[in-house]
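Quick note, the sequences are listed as chains A and B, same order.
Under the numbering used here, the first residue of the first sequence is numbered 140, with each subsequent residue one higher.
Under the numbering used here, the first residue of the second sequence is numbered 177, with each subsequent residue one higher.
Warning: the hint list may mix true and false statements.
[To be verified] Interface residues of chain A toward chain B, partial, derived using beta-carbon atoms under 8 Å:
no. : residue
1   : I313
2   : D316
3   : H317
4   : V320
5   : F324
6   : F326
7   : S327
8   : G395
Simulated from the structure, these hints should not be mistaken for laboratory data.
Predicted model, so just to flag it, every value in this text is computed and none were measured.
Idealized CB from N, CA, C, for every residue including glycine.
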Amino acid sequence: MSSTRDLLSGNNEMGSVVLSKLLNVLTGLLFNILGFGVLIGIWYGVSILTDNALPTPAATLAVLWEMTKDPFYDYGPNDKGIGLQLANSIVRVFFGFILGAAIAVPAGLLIGASSFCKKMFYPIIQILKPVSPLAWFPIGLVVFESSSIATIFIIFITSLWPTLINTAFGVASIPQDHKNVAKAFGFSNWKYLTKVLLPYSFPHIITGLRLSIGVAWLVIVAGEMLSGGLGIGFFVWDSWNALSLEKVISAILIIGIVGLLLDKGFSWIEKKVTYES
Amino acid sequence: MISIQNIEISFNTPRGKFTAVKDINLEIAKGEIVSIIGHSGCGKSTILNAIGGMLFPAQGKVMLNNHEVKGPGPDRGIVFQNYSLLPWLTVEENVYQAVDAALPGKATSEKHELVTKYLRMVNLWEHREKYPKQISGGMKQRTAIARAFAINPDVLLLDEPFGALDALTKGSLHIELLKMWNLTQQSKTIVMVTHDIEEAIFLSDRIVVMNNGPAATIREIEEVHLPRPRNKKEIVNLEEYKVIRERLLNLLMDKVEIDEKDFFKEKAA
Ligand SMILES: Nc1ncnc2c1ncn2[C@@H]1O[C@H](COP(=O)(O)OP(=O)(O)O)[C@@H](O)[C@H]1O
Ligand SMILES: [Mg+2]
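So that you can see chain B by itself, here it is in the shape it has in the complex:
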């Protein structure tokens, strides 16, 4: 469904061309949930934005349903890393304007119903008349989530969508995300960037682990075969969960271990 073919993405900077990622190959099937995980600055957002059509690879291409991605479209809903709400619009207006733009064929009343439904889903209905400056970071994030979901896209691109949330809210939004996915017979494709190993395992079918940049590549792709529906409390006791968690920790934390060894060497000396 999504097919990333050997892409390389660079940015023009004052100090010349900066290659963020290269040699990225990834096939994502319809209905799959894939997480991209890696250290800060390795190019996770860059890859997500390439799928979203917000930026274009210098080499290679991104295919979506056998068509090359040439720009953004209502078939993909994006939750940006920094929420990107418009500060002069209320929570409700922020969602409505996106719905209005992305779904021009729908009647006004239908659009308002969608906005209502998704604002209720993220528990922001009571706060719909507030402006972004009047709500917390987590509420801004939930607004951005409602906005992306409300246009009912085939592909959801989530850039650290739960990053600013407390554990409780995060947990309930994980459930909401999966509920919505189930409601559509698991037909929606979700690509999500995250820092959170537990979150990645709980939600994903596959986890893409990135190398560090510049010119970052994919380090490894972990498959998560935990049965669905998953229960947060139960899966942590499963052997497979522990194995995957251990492997991801090793992939992401090897630097820390080396530091510690050095530390002990120094002590012994």
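Here chain A stands alone, though its shape is the one from the complex:
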């Protein structure tokens, strides 16, 4: 049983902790608002200086509102809502990304675990990794004879490298201590894989996947500009052709927010699977 005084002081302490946390959040928010304020201020300045060649924040906001009011409208093949465009891009990204991961994770495990595989494949990876994924687009077009599949193909290529390299690094950096346990107690290959190698590498793999989806989201916009069809990248291109910079800027905002959400999602998983030794 605690006395009233304990209870009070306890409450006070708790109260002050909550208060200081709230204060932290509020000041953080204040800085965020300040940052956006500065950005919008500069934007406004440039709009005025260029005589509205760059649309003002207010004009853009109005267009953004129009776009997001009915995001899923469908008036035929060339006129679809922003939500549909976005959904199409996201589906493509995930398709390419999952295909990429399905190859990159096992390949990374192999390259990390075997110095033979590493010697054989690492030079190839080092040459292919710095190539812009867009350079693969023509090859995709020729092979698949479909610009839509070619776009998925470049996302697939993009997604490979960060996942592959992080996975291989994770496997290669398994501490000697962990290997010693497996060796001393005679772990089978399967047990080593499931109880040592994979659990140790898992956080590295997730980090790789997070980086991969980040780059994939960067690339989809450029890819869809090349390939046309339905998607947020093509929407940007189409809006530019229709001379609607308001729409372009709105799309940029939306692309940024989706990218942020994807990253946050994977960061969340990353934190979940990271163990402390």
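Knowing the structure of chain A, use the given hints to seat chain B with the ligands on it.
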């Protein structure tokens, strides 16, 4: 039973070959308890790991039951110096996975019984669902001890197994170790690395004192003839205990004495 024949062990380092120990000869009989004692870095773990089959001598060989040691095996249970628990497994899983790997012939229920028995022995049953990061250093060490014991090996290789424990826990685990040894009619061979002179005398039949490295050799082997069962409180009063303790102190502490003499010389000057 264990026969270490003239081994030399080296490591490849960026600066070339480093010889940790050499000219090591040691015969250990079945059922014997032998401690290896010496200054940090003299190669105690290296010798233990050679018996465990975790590393191989550049020269000489280690024989176990008349067979050359070619790798680790379930006939030897190792407690590593740094516990070496897998951080993503619970205390119970850490022990179970080792038992499962080392004793493939046993039924699952039998393996679980073993895990239960040895986790109770080291008083960790209540903590079985915790992860290594959630328990103290001493508890990690006890988990590693349970893991090595649970596979019921003929030879136990213990690398400073009680190093991170407080005196009370240490004392009770000493008793547990000897109890287990007695339960098997003193048939288990135990090789233990330690820093602790009292611990070495209390537990061992022989104490191997190492020289300092690099290329460390065995300095001396002390025999401990104290009658068993030993009682911690009583043996300290025995004459033989005092003699052995004194000798070990002299072997390990001569450096300290020289320092002190120098210190007094300086004062007098
Ligand atoms: N894997 C290794 N690579 C290089 N040097 C090592 C390695 N393991 C041990 N050594 C060296 O061998 C010597 C003996 O090490 P160790 O057997 O761990 O000593 P101890 O257990 O007596 O403290 C030390 O000088 C140590 O630095
Ligand atoms: Mg050591």
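Quick rundown of the hints versus the structure:
no. : hint : result
1   : I313 : violated (11 Å)
2   : D316 : holds (4 Å)
3   : H317 : holds (6 Å)
4   : V320 : holds (5 Å)
5   : F324 : holds (4 Å)
6   : F326 : holds (5 Å)
7   : S327 : holds (7 Å)
8   : G395 : violated (36 Å)
Going through the hint list in order, the structure does not satisfy hints 1, 8.
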